[in-house]
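Number of protein chains: 2
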Amino acid sequence: MKKVLRTILPAGFKANGVACGLKRSAKPDLALLYSDPAALACAKFTTNSIIAAPLIVSKKHLKSAGKIQAVLVNSGNANCFTGKAGINDAEASCSYLAAELKIAKSSILVNSTGIIGKRLDIAKIKQGIPKLVSGLSLFGIQRAEKAIMTTDTFPKEVSVSLKIGGKIVRLCGIAKGAGMIAPDMATMLCFIMTDARITKQALNKSLSAAVDKSFNCISVDGCMSTNDTVLVLANGTAGNNIISKGKGLQDFSEALGLVCLDLARMIVRDAEGATKFIQIDVCQADNFHEAKKIALNIANSALFKSAVFGENPNFGRVVAAVGASGFKIKESQLKIKLGSLKEKQVKLTVSLSRGKASATVYTSDLTPGYIKINAQYN
Amino acid sequence: MKKVLRTILPAGFKANGVACGLKRSAKPDLALLYSDPAALACAKFTTNSIIAAPLIVSKKHLKSAGKIQAVLVNSGNANCFTGKAGINDAEASCSYLAAELKIAKSSILVNSTGIIGKRLDIAKIKQGIPKLVSGLSLFGIQRAEKAIMTTDTFPKEVSVSLKIGGKIVRLCGIAKGAGMIAPDMATMLCFIMTDARITKQALNKSLSAAVDKSFNCISVDGCMSTNDTVLVLANGTAGNNIISKGKGLQDFSEALGLVCLDLARMIVRDAEGATKFIQIDVCQADNFHEAKKIALNIANSALFKSAVFGENPNFGRVVAAVGASGFKIKESQLKIKLGSLKEKQVKLTVSLSRGKASATVYTSDLTPGYIKINAQYN
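Taken in sequence, the protein lines are chains D and W.
Just so we're aligned: the first sequence equals residues 1050 to 1427 in my numbering.
Just so we're aligned: the second sequence equals residues 1050 to 1427 in my numbering.
Keep in mind that the hints were calculated from the coordinates and are not lab data.
Please note: incorrect hints may appear among the correct ones.
List of simulated lysine-lysine pairs, DSS-like, C-alpha gap at most 25 Å [as the list claims (entries may be wrong)]:
1. D:K1379 / W:K1109
2. D:K1393 / W:K1421
3. D:K1342 / W:K1377
Here are some of the chain W residues that sit facing chain D, going by a computed Cβ distance under 7 Å [what the hints assert, rightly or not]:
4. N1097
5. I1099
6. I1165
7. F1358
8. G1359
9. G1365
10. V1368
11. G1372
12. K1377
13. I1378
14. E1380
15. N1423
16. A1424
As the structure is a computational prediction, the values presented were derived from the model and not from experiment.
Every residue, glycine too, gets a C-beta built ideally from N, C-alpha and C.
Start from the sequences, fold in the hints, and give me the full structure.
Take a look at the structure:
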């Protein structure tokens, strides 16, 4: 398996990104991912009980459609807390795109990221679609990456290629923040395209495992968005023997895991106002769930994150956060090792002295910059 | 029932506070509350699984002793994560005080607040005890209040008197912040003295109800301390018919509830770096538990708290926090009313349109001051 830089897309995929006017900055705000042939699709969505309109529509299409051919994403507006009208807007944007691409509406997924509680300007999206479609290209992924950004400071892409059963299989993933830099731009979106031939069951299993150890192991401020989505499209054009289990699935899962983990780390690196990238390893736990929950509890401690910002090696913050995690932990079992706080990368290791499981969580420090960014918006 | 300002203590109680040298600032750091006769005691402790040494000793004494005669509290050091030695130190401080007061060691409770993970300088406490005991006074409560402060900016006391069955009953409560202003000074301590005659069962029930709607309904940063304690001592010297149920218990519970709620609000007002006092009412919920959990989820949202600091009336933050609370809530059920953010007191009302229960939670805004305070310490 190797990482590929500035690759073209996996076979059969095209992408594009344009500015349609949703962002006042006139920056790109409308992205399209397209696959021919239509692709198998698996997705993980936010567990927030308030779900944005495009997710409601996308879930319906994922259920009814056999395969997915296009993914439309806008930034600048989350189309969330917009009621029935918001769902109609999401449906309408699918209809416009279906007509332009001459494909079934139900083979389109739609997503949005930006401000919560404001109607989407659907006329601007309609107007942008012809240019978006005509510009679709094998080389368009960089434009798509930029068009899904809200307050991210850099575009996020990871590409990997590997051999499965003698055939070259490629994966390309793109993601945006949880930059959360301006209010309600808290969304984490990730889209992964692959030309692998794989069964739906295997793809879903592989995605669940990858997300559990990547996007579910990062925390910027413990706030969960209404639009979070991780989507993988597999169009099978690599021509490999279909992946369902064994070494093929293992290799594919490793590659998908790498793409997700790299993108998740990029999101933490781009966290609002952050000056430190913090890796928290909890080891010698009874099981992965315990280790991860304890690590996330530390990652979400405002006191710990403030101390790291101040380069203040105070392990009392860690002790209190571990103890508050809900698991019975004896003081005598707890070993804490905090690396140098002078560096940009900080490593904390917490050993529980009672099992063999471990988990790694990534987070950033809490800084006056974070508050400034989230306070100043109107 | 009436609130009393600058009262003397309820009958039978004395208090004092001195500086014994634990704080480098030479400010008062050793407090004593004393009751003659010995008092019935009920306490609520932190649910953090890492528990400070004095709490381990106090729990033992509460179990074995019939009644409690003295409470010794030091600030400047939490005596937590100090292992067996820390427990010995807490035991030793009880022994010194028992000898000086000529009372049973098991009738003494002990508490500490300050830095986690450093041995307590027990010699300083030993040296301070004679002066602490000789200065015990009916008027000493202001000295005790100051001696339990860590980084609180003002002492916290509430006194109430009421008539129960024709007799005047008095309650006096003191507390120290979750100021959390310097690292590991995150502890919330509250001690309430009353001369009421009351059964243990009634006192415990009354305290549970009061704490549930006061100290358990405030959040500064969602971080739970290893030393949190709320203690009530009832020495029965008011001579009222013993309170066990009915109107007497109702009146006493109302008074205890008021003392706890006023002290809890003071703690929020004194929160580190805070510029706003935020009241969050969640109403029309199915039950109190649901309403409170949703309110606390909003209170713990760094995004919401940053927005309030910036006087940025962005209800999208509230929507996302409500949805992330773990309860199924339909968008159409949710009504949000956010009062003016220009004031020092901010009120947020969230209606769930599905039941009759409600809860009120108090919190503060998240400010660069909070981070500065928690980052700069060594």
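Which of the stated hints cannot be reconciled with the structure, identified by number in ascending sequence?
-> none
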